[in-house]
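Novice: Next come the chains, spelled out residue by residue.
There are 2 protein chains.
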Amino acid sequence: MTEQTYTIGEMCRAFDVTPRALRFYEQKELLKPIREGQHRHYTARDRARLKLILRGKRFGFSLAEIRELLELYYVGDGQVTQLSATLDAAEKHHVELVEKREELTSAIAELEEHIALVKRLLAEKGHRAAG
Amino acid sequence: MTEQTYTIGEMCRAFDVTPRALRFYEQKELLKPIREGQHRHYTARDRARLKLILRGKRFGFSLAEIRELLELYYVGDGQVTQLSATLDAAEKHHVELVEKREELTSAIAELEEHIALVKRLLAEKGHRAAG
DNA sequence: GTCATGGTTGACGTATACGTCAATTCGGGG
DNA sequence: CCCCGAATTGACGTATACGTCAACCATGAC
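Those sequence lines, one after another, are chains A and B. If you count by the working numbering, then the first sequence holds residues 69 to 199, one letter each, in order. If you count by the working numbering, then the second sequence holds residues 69 to 199, one letter each, in order.
Fair warning: there could be bad hints in the mix.
No more than 30 Å apart at the CA atoms, straight line, and that leaves these computed lysine-lysine pairs for BS3-like [to be verified]:
1) B/K160 - A/K193
2) A/K168 - B/K193
3) A/K125 - A/K100
4) B/K168 - B/K187
5) B/K187 - A/K100
6) B/K119 - A/K187
7) B/K96 - B/K125
8) A/K125 - B/K187
9) A/K100 - B/K193
Simulated restraints, written as ranges between beta carbons of each label pair [said to hold, decoys possible]:
10) B/K100 - A/Q150: 51 to 61 Å
11) A/T111 - B/E170: 23 to 33 Å
12) B/P87 - A/E139: 34 to 44 Å
13) B/S152 - A/Q150: 53 to 63 Å
Because the hints were derived from the structure by calculation, they are not lab data. For glycine and all other residues, C-beta sits at the position ideal for the given N, C-alpha and C.
Construct the complete structure from the given sequences, taking the supplied hints into account.
Specialist: Take a look at the structure:
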């Protein structure tokens, strides 16, 4: 089964990004498409990584941070020392994400309180206007 | 009760930001400290807003977006039309945050799977090394 | 007085993350 | 052969979010 690859144009349509962005990520070593002559061919691995890149960006991580996270996802040669390092980094990142979710949860709670307040104010105003 | 205000230096220590950042936020109309002569005095309102600013940044929002969110938190003159607009914007933002939390949750789940995988690999290697 | 501390306003510099444009190449279609 | 569409490599431009530095003012300590 020869791996199914995407051209840069297909990647752009599939992920809603520009060619410039993809080349920029490649230059920053976040992606490594296969080269056939001058042309790029993006593999399933590249597509998975791009998905993580875009998600990382939505969560406010820099490309440099995302690059480290991607390396963390790569098991490499599978040597014990490297696997241990990967595990440590992954668990650290896990803590970070869980904390982020907790902070997000309290932000949501605060916003809900604020929405309730505004609704009360609107109800008052409504009654006064209607009364 | 005269409001308790902070100097710029106190703000910097309290929130771990630089004076430059605070002045930049002011220029972008995210903060509006009281002016006494040339000096700035940050009120409780400024402190609450700065807290939201820094939190917004951690979640990957731009200062422009954060500015809109801050306006959303301000009830203003309390006119029905404005309150309605505030409510709409707040509910929209609420949806956005909830979606972000869901995406974060699935990212955490994926990371946990990956961690489990790495642990299995380590266990295998460990046994082989120990055997 | 002067010196340190803490604050002020420009103004220019910088890192990140691309956008944009020019010049070129390469594989078909007519 | 010429042209089109899709790709390529520079190279310069731009928006965001500040950092950094110069030059200045005010206040209290000595």
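Novice: All hints are to be evaluated individually against the structure, with a verdict given for each.
Specialist: Hints, one by one, checked against the model:
{"no.": "1", "hint": "B/K160 - A/K193", "in the structure": "holds, 22 Å"}
{"no.": "2", "hint": "A/K168 - B/K193", "in the structure": "violated, 33 Å"}
{"no.": "3", "hint": "A/K125 - A/K100", "in the structure": "holds, 19 Å"}
{"no.": "4", "hint": "B/K168 - B/K187", "in the structure": "holds, 28 Å"}
{"no.": "5", "hint": "B/K187 - A/K100", "in the structure": "holds, 27 Å"}
{"no.": "6", "hint": "B/K119 - A/K187", "in the structure": "holds, 24 Å"}
{"no.": "7", "hint": "B/K96 - B/K125", "in the structure": "holds, 15 Å"}
{"no.": "8", "hint": "A/K125 - B/K187", "in the structure": "holds, 27 Å"}
{"no.": "9", "hint": "A/K100 - B/K193", "in the structure": "holds, 29 Å"}
{"no.": "10", "hint": "B/K100 - A/Q150: 51 to 61 Å", "in the structure": "holds, 52 Å"}
{"no.": "11", "hint": "A/T111 - B/E170: 23 to 33 Å", "in the structure": "holds, 28 Å"}
{"no.": "12", "hint": "B/P87 - A/E139: 34 to 44 Å", "in the structure": "holds, 36 Å"}
{"no.": "13", "hint": "B/S152 - A/Q150: 53 to 63 Å", "in the structure": "holds, 57 Å"}
Checked against the numbered hints above, the structure violates only hint 2.
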